[in-house]
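Chain A is fixed; fit chain B onto it per the hints.
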Amino acid sequence: MFQHKSRLMLTGVALVLAGCNMAPKNADEFRQATRDGVRLGVASVETFEVDRSLRDVSSALQRKASECLNVSVNWRATNTYGNTRGGVHTYKPTFVANASKAELHVQRKRSGGGDVDVGAPPDGFYDVVVDATPVTPKRTRIEIYQGDKLMRTALRGWATGSNLGCPDLTKR
Amino acid sequence: MKGGLGATLVAAAMLAGCSSAKVYPEVRPANLHVRTETSPTQVRAEIHIHRVDADCRTQYEGTVPLDRPVVELGVPAGRTSVVAVTFSTSSMLRGSRSSVRYATLLTPRAGHRYDVKVTYRENLYDVVIRENDPRGSSSRQLARRDPAQCKAS
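One line per chain: the protein sequences are A and B, in this order. Residue numbering for the first sequence is 1 to 172, as defined by the working numbering. Residue numbering for the second sequence is 1001 to 1153, as defined by the working numbering.
Everything labelled a hint here was simulated from the structure, so no lab data went into it. Relax, there's no trap hidden among the hints.
Not everything, but these chain A residues come out facing chain B in the computed CB check (under 10 Å):
id, residue
1, E67
2, N70
3, A77
4, A154
5, G157
6, N163
7, D168
8, R172
Beta carbons: idealized from backbone N, C-alpha and C, even for Gly.
Only chain A is shown next, with the shape it has when bound in the complex (with noise of 0.2 Å):
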């Protein structure tokens, strides 16, 4: 319920943002907005810290990111008097790394079934930014900005290690 009222809090905010053309168009004005979001407490940043090196981490993103969420999702729902609707959300990850950062940015576009995304970016609005960057040589840092319970779940399996399993999109 509560996280029911989050996301349509969220979809208010986004929607009054794409209203005033102010909706993020990069990761870096998403985490902002999502650090804003956090104040108004209806966005939420995940932090933890896994024991393994930068290097295997952002081996795992790049890898599960390219298999789990270079996709599209089809859906079609029918209503209780019988009216049917359907359409498409694509997913793009781009995962962008170098010696001391690894970053993963999932958007999302959506298309069909009434679904208007107003001033979202050409490859729809960021739905997940992953950060992770080395706390010791074999500890790294992961913050998650945004994502629904799924896609946390999964970020955290893959950061970690213990579950490689990738998310169902269309449970979303």
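Okay, now just chain B, sitting in the frame of chain A:
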């Protein structure tokens, strides 16, 4: 309540009737050993085999339901196939059906055995394929080969 069950059965029958899956033929030897764990159990897992020719064109060969903990099937050795696993769920209440698919290219080697571990738990799915040599002395996990990356030979 009875009406609800009746509607469910009718819907299930219709879904079964609409299915375009064909039964995958028996191929010997049965070199793929598929172990499946799904939770909740309402998730329907299936494995689909497609033949891939030298130009990367695919031809659907059939489907095997993963409705038992262990299922064995044969995929011809020395030839590339697309091995795809689908996880399907339906919600009568929401009037929706969904399906997610994992696919990889696989070129089985003669005499080798392939252990496929298929899991779907708490909306996370995974398919891990291990290749075991004929003597069982070595085993390695195969990386996924994206069918979209298939190169004509």
